[in-house]
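K.L.:
Use the sequences and the hints to build the structure in full.
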Amino acid sequence: MRTAATLAAVGALAIVPTCPLASQQFSVGPQVAFGDYRETTADLRYRGSGLGAKASMTWKKVSADVWLSKIKYTPHGGAATTEFDASEVDVKLRYFISGPFSAQLGYMNRKVDPEFEAQSMGAVTLGAQMSHLLGPGVRMALDGGLLLGPKFSGGGSVSALGAVRLGLGLKVDALRGRLIITGDYDFQSVSRETDNGAAVLSAPIQQSLGRVGVGIAF
Amino acid sequence: MTRRSIWPFVAGLLVLPVVLSAQTIQNATLRRAQLAFDNLDYRQALSAGQASLRERLTGYERARAYELLGFTYSGMDSILKAVDAFKQVVLIEPERELDPNRTSPKALSAFQVALTQVLVIRQLRVDSIQFIGGQGNVPIRYTVTQPSRVVARVTGGALGSMRIDSTIANGQVNIRWPARLPSGDPVPAGNYNVVIEANVGQNSFSTSQPIHVAHGVVDTLPHLTSLPGYDYLPETEVPPKSWRPLGLALVYTGVALAGTSALSNGDLGSPSLREGTVIGLGFVAAGFVMTLRKPAPQPARGNILYNQLLREQIARRNNEIAQENTRRRQQVALSVVPLPRVGGGR
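First to last, the sequence lines map onto chains A and B. Position in the first sequence counted from 1, then plus 71, gives you the numbering used here. Position in the second sequence counted from 1, then plus 100, gives you the numbering used here.
Derived by calculation from the structure, the hints in this document are not laboratory data. Each hint should be verified, as a subset may be incorrect.
What the hints assert, rightly or not - Residues from chain B shown here face chain A by an in silico Cβ test under 8 Å; the list is partial:
hint, residue
1, Gly359
2, Leu368
3, Arg374
To be verified - Here are a few chain B residues that face chain A, going by a calculated C-beta distance under 7 Å:
hint, residue
4, Leu348
5, Thr360
6, Leu363
7, Asp367
8, Gly387
9, Arg393
As the list claims (entries may be wrong) - Output of the computed footprint for chain B on chain A, the stretches with three or more beta carbons under 8 Å from beta carbons of chain B:
hint, segment
10, 226-239
11, 273-282
Cβ coordinates follow ideal geometry from the N, Cα and C atoms, glycine included.
P.N.:
Listed below in structure tokens is the structure:
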């Protein structure tokens with residue numbers, strides 16, 4: 072039922088543009104997401120895939136990206152035995168500074184279901200993006216930054232520079248700018264520490280996420 | 101040819117016999133005198149010529165009679181009488197000239213002496229000309245045979261009588277008339293007379309030349325769309341193919357993968373590069389395709405500046421042309437044409 076609704080939404084989005092679009096200030100489209108999730112030790116390894124969506128907006132020097140994704144992670148070659156769903160929201164706002172550089176501020180939130188199979192977390196992201204035009208209609212970007220003030224469902228804390236992220240982004244215009252093909256890579260490494268009352272324990276979290284999709288530009 | 105345009109032609113044909121008869125000798129006595137002169141019978145020519153002057157003659161015949169007497173006296177070496185006879189010829193026909201190839205030197209010299217002894221204005225000429233009012237002159241020239249006070253005037257139309265020159269002259273005189281009113285405005289269109297009056301003592305002589313003044317519109321200049329010899333250059337140029345897109349893609353991918361390895365936590369085992377590799381391969385593929393594709397045209401800064409200069413230059417020149425055209429639209433093109441003269445001087 073849910074898959075049918077998603078497919079209907081994708082089909083509707085593909086039909087919407089019936090006239091040439093003069094500018095690409097707004098785009099939206101579905102994505103396929105796949106990822107690798109690790110937590111605490113090398114034995115808690117998960118891999119999974121799912122669906123997502125991406126919306127982008129550009130206005131003068133300001134641009135914004137919003138990702139939604141839901142991935143079903145399953146244990147992969149470790150001690151873990153239970154799969155879980157990770158629903159993630161990523162929001163990034165950018166302000167063009169000069170040349171290829173833009174400043175980036177954002178927010179991420181990942182909820183896990185069942186709740187205690189992995190850590191839900193949320194954080195503010197701060198960083199920078201470097202972007203280059205490879206050719207007509209093809210733009211790629213490399214960005215990185217810090218995850219500030221992360222909160223975890225299982226508690227714990229991170230030092231100021233203990234949570235970092237790195238990303239790649241590719242956008243290809245097709246059909247004279249009506250259709251765009253997107254590819255995004257996002258890597259998060261959080262050096263989380265917990266205190267069980269007797270000692271401070273290291274409980275790192277790491278996620279690699281790839282997203283590939285198409286979008287319709289308005 | 102329309103009926104209206106036929107009438108002047110028909111009128112001309114009707115008047116032609118009258119004109120031709122005025123230019124031929126009808127008087128029998130004068131014809132007899134001419135015949136005697138042609139036969140070198142000077143006494144008979146003299147008596148017949150003098151007899152013809154006592155008869156009723158046209159102006160042309162009277163001038164021919166005196167001319168015949170002048171030639172006859174010259175042939176008889178009576179120079180003073182020849183001069184007197186030629187003086188009468190000049191007074192009747194001031195524009196009269198003798199053909200030096202068909203006239204004896206004695207008669208020619210007597211004629212020249214006669215010219216210096218009478219006050220006439222000869223060879224009044226007004227040249228056809230077209231010019232912008234205030235920026236040209238109408239050339240007028242004449243010859244006065246004795247030193248005298250000569251006044252040139254233009255009369256007719258709404259102008260009344262306007263003096264344009266006053267001088268003491270002898271021989272050929274050239275004057276230039278700007279065709280302007282005292283206020284500076286161009287003279288109105290219409291027909292006028294250029295009147296030359298000469299006075300010395302009790303003697304006076306005047307002659308005139310009719311002219312027609314027409315007004316026209318001064319031509320304006322066309323605006324420029326380009327400067328001759330200077331063409332616009334293309335403002336974009338296609339750069340040569342380069343490996344930069346592929347290189348950038350490899351660098352971005354490499355940085356991302358290296359960063360993933362560097363930032364991953366050692367407690368979690370070797371990092372997963374699967375996701376980064378998949379997206380990185382997309383990067384490299386896009387970079388490779390972009391390397392093979394024809395590069396996008398890039399703005400050619402030098403050409404853009406050159407075109408900008410060219411556009412500014414054309415705009416500046418068109419601005420000047422617009423100002424010049426505005427000035428020209430307020431001007432009048434004057435066209436002055438001499439009309440046929442009716443009658444000589446007096």
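K.L.:
Next step is simple, just say for each hint if it's right about the structure.
P.N.:
Hints and how they fare:
1. Among the interface hints, the one on glycine 359/B holds; its C-beta lies about 5 Å from the nearest C-beta in chain A, closer than the 8 Å criterion.
2. Because the beta carbon of leucine 368/B sits about 4 Å from the nearest beta carbon in chain A, less than 8 Å, this interface hint is met.
3. Proximity of arginine 374/B to chain A holds as hinted, the smallest CB-CB distance being about 6 Å (cut-off 8 Å).
4. At a threshold of 7 Å, the smallest CB-CB gap from leucine 348/B to chain A is about 5 Å, leaving the interface hint in force.
5. Look at threonine 360/B: its Cβ gets to within about 5 Å of chain A, closer than 7 Å, so that hint holds up.
6. For leucine 363/B, the suggested interface contact is upheld, since its CB lies about 5 Å from the closest CB of chain A, less than 7 Å.
7. Here the hint on aspartate 367/B is kept, as its CB sits about 6 Å from the closest CB of chain A, short of 7 Å.
8. For glycine 387/B, the shortest C-beta to C-beta distance to chain A is roughly 6 Å, which falls under 7 Å, so the interface hint holds.
9. Below 7 Å, beta-carbon pairs count as interface contacts, and arginine 393/B has one with chain A at about 6 Å; its hint therefore holds.
10. Counting residues of the segment 226-239 of chain A whose C-beta sits closer than 8 Å to any C-beta of chain B gives 4, which meets the bar of three, so the coverage hint holds.
11. Closer than 8 Å: that is the beta-carbon criterion, and the segment 273-282 of chain A has 6 residues meeting it against chain B, so the requirement of 3 holds.
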